[in-house]
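There are 2 protein chains.
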Amino acid sequence: MPDQTGPNPTAAMLVIGDEILSGRTRDANMHYLAGQLTEAGIDLKEVRIVSDDHDGIVEALNGLRGTWDTVFTSGGIGPTHDDITADAVAAAFAVNVDVRDDARTLLAAHYAKTGSKLNAARLRMARIPDGATLIDNPVSVAPGFTIGNVHVMAGVPKVFQAMVATVLPTLTGGAPLLSTSTRIDRGEGDIAEPLGALAKEYTDLSVGSYPFQKDGKFGTNIVIRGQDRTRLDMATAKLATLFE
Amino acid sequence: MPDQTGPNPTAAMLVIGDEILSGRTRDANMHYLAGQLTEAGIDLKEVRIVSDDHDGIVEALNGLRGTWDTVFTSGGIGPTHDDITADAVAAAFAVNVDVRDDARTLLAAHYAKTGSKLNAARLRMARIPDGATLIDNPVSVAPGFTIGNVHVMAGVPKVFQAMVATVLPTLTGGAPLLSTSTRIDRGEGDIAEPLGALAKEYTDLSVGSYPFQKDGKFGTNIVIRGQDRTRLDMATAKLATLFE
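Chains as they are written, first to last, in UniProt numbering: chain L, 1 to 244; chain C, 1 to 244.
Honestly, the hints are just simulated from the structure, not real lab data.
Please note that a few of the clues may not be correct.
No distinction is drawn between identical chains; accordingly, a pair holds when it is met within one copy or between any pair of copies.
No farther apart than 25 Å at their CA atoms in a straight line, the calculated lysine-lysine pairs in the BS3-like style are these [stated by the list, open to error]: (1) Lys117 x Lys217; (2) Lys200 x Lys113; (3) Lys214 x Lys117; (4) Lys238 x Lys200; (5) Lys158 x Lys117; (6) Lys113 x Lys158; (7) Lys217 x Lys158; (8) Lys214 x Lys158; (9) Lys158 x Lys238; (10) Lys117 x Lys200.
For reference, chain L alone in the conformation it holds in the complex:
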C-alpha cells in the first residue's frame, strides 16, 4: 500500500484507450490534470493507462479508488464500439447501467438544435451508471459523470479540460503546493551528498533532483516543494549556499 500520509488529499488518474499505448498520441490530459491538481493542493499519486479492455478497466479502477481519495478517468465515453468506460465503471461499482432520462434529455435537445439525429450510437452516450451524477460538458454536451469518489470524463482534451474545471471546485483541496526550482551546473553525483543532508534537514519539504545534459555538460535542476513559504524559502536559500 503506497504511503498516504501528508496533509493533502490524494488523487489518481486512469487513462483509458489504445491511442497512448500504441504511441499514436502523446499524452496531454494527464499533464494538464497534474498541473491543475498541484495548484489546487491535491496530490496526484498514481496514474494508470490501460487499453479498451473491460476487465482491465474494472481491475485498475477498483485498485485506484480503494487506495486514493479521488480518481479521475479520461476516455472511452463516446458513441463508438470501443467506448466501454461507462459499462466498466458500473461493473466496478456493481451497479446497473442504462440510458438515463436526464442524459437523454440533454442529448435530445442538443441534436434537435444542431439538426443531427439522436441515433442509437449517440444514445450510448446517455448510458449512466445508477447513482451517478452528471458532469456538465459545455463543449459537446455528452456528459461525464461522478460516482462515489470517481469522476468519469471525456478523452478529447478540450472536453476533458472543461470537465476538470467543473469538478475541481467541488473537491476539498489542501494548501496549494509551492515550489522553487534551482539550476545547478553540476552533475547529480557531485551534489548528491549535501543534497541528501538538506532533504534530511527539511523533512516537511520534498527535495527532487532532475538531472539533465545539455551541450555535453551535466547539470541538475533541484525542485523543492512544500506548503510553507517560509520553510521553502529557507531551504532554497540554504541550497544556494551549498554549491557556490
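With chain L fixed as given, assemble chain C onto it according to the hints.
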C-alpha cells in the same frame, strides 16, 4: 485480469518519479517506448506512474510483472537520495541488493577518465540486485539492469532511449503492428453504427475511433491496426466506401 490473448508478446511500463505526477514534466519516455514497441510487434498493454515511494514501487512492479510478459521501468536509478528504484526492485524480487563489482568497475573507470571522484553518492549507482544483468549506458555509464522479466532503465530521455536500443533486440517480438489512418469529416455519432459493423466484420483487426474538433467542426480519425497487410487494406478500402 486483463485480456492476454492475441499473437503478440505483451509489455508494461512503470514510470517512477514525482516530476510527471506534479505536472512539472510532460512524459517523453512512455511515448518513445510505445512507438518502439509497436514497431517491434510487442503490445504495450499498461502503464503505471508512481511517485518515489518504496512500497508503492514494489506493489506496482509486482502487479505488472505478474501480468505481462515484459516490464520496463524508467527513473530513480541516479545517485541522489530520491533514487530508490534499485532497492525497490530488489524488494519486489525478494533478493539482496548491494554495490556490485562489475558495476563499480564501470563507474571507477569512467570517473577516473573524467577526473571526477567515485564518491559514496555515485557508488549508489553500482547498487545492483543479486541475479541481475547490467544494461549498457553509452551516454553516462551508470548501468541499468535486467532481472527476471523486468528491465530497469534511467529516466533521463537520452539514456532511456539508449537503453531501449540495447534491450529491444534481445526480446522476441511479434509481427510488427501495421496501421492505417483515415480522416472522416463527420462526428463520431454519425459514423458509430457502420463503424461498429466494420469492427465486427474484421475481428482480427482493431478499429479505433479518435474524435477531434477543429475550427468548430467535428471530425474523426479512424485508425485500423493489425498484422496482416491484405486484411488491413481490405478493411481500410471498405471504410472509405462507408462514408463517401
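Hints, verified against the model:
1. For the identical chains of this complex, Lys117 and Lys217 are inter-copy neighbours only, at 17 Å across copies versus 60 Å inside a copy, given an alpha-carbon limit of 25 Å.
2. Taking identical chains as interchangeable, the C-alpha atoms of Lys200 and Lys113 are never at most 25 Å apart, the minima being 62 Å within one chain and 32 Å between chains.
3. In this assembly of identical chains, Lys214 and Lys117 lie within 25 Å of each other by CA distance solely across copies; the values are 21 Å between and 55 Å within a copy.
4. When the C-alpha separation of Lys238 and Lys200 is checked against a cutoff of 25 Å, the pair qualifies only within one copy, where the shortest distance is 13 Å, while the shortest distance between copies is 63 Å.
5. In the homo-oligomer, the alpha carbons of Lys158 and Lys117 lie at most 25 Å apart inside one protomer (23 Å), although the nearest pairing across protomers, at 50 Å, exceeds that limit.
6. For the identical chains of this complex, Lys113 and Lys158 are intra-copy neighbours only, at 21 Å inside a copy versus 52 Å across copies, given an alpha-carbon limit of 25 Å.
7. Within a single copy, Lys217 and Lys158 get their C-alpha atoms only as close as 39 Å, which misses the 25 Å cut-off; across copies the closest is 13 Å, which meets it.
8. In this assembly of identical chains, the alpha carbons of Lys214 and Lys158 lie at most 25 Å apart only when taken from different copies (11 Å versus 34 Å within one copy).
9. Within a single copy, Lys158 and Lys238 get their C-alpha atoms no closer than 42 Å, and across copies no closer than 31 Å, so neither meets the 25 Å cut-off.
10. Taking the shortest Cα distances, Lys117 and Lys200 sit within 25 Å of each other only across copies (23 Å), while inside one copy they are farther apart (63 Å).
Consistency with the previously given hints fails for numbers 2, 9, ordered from lowest to highest.
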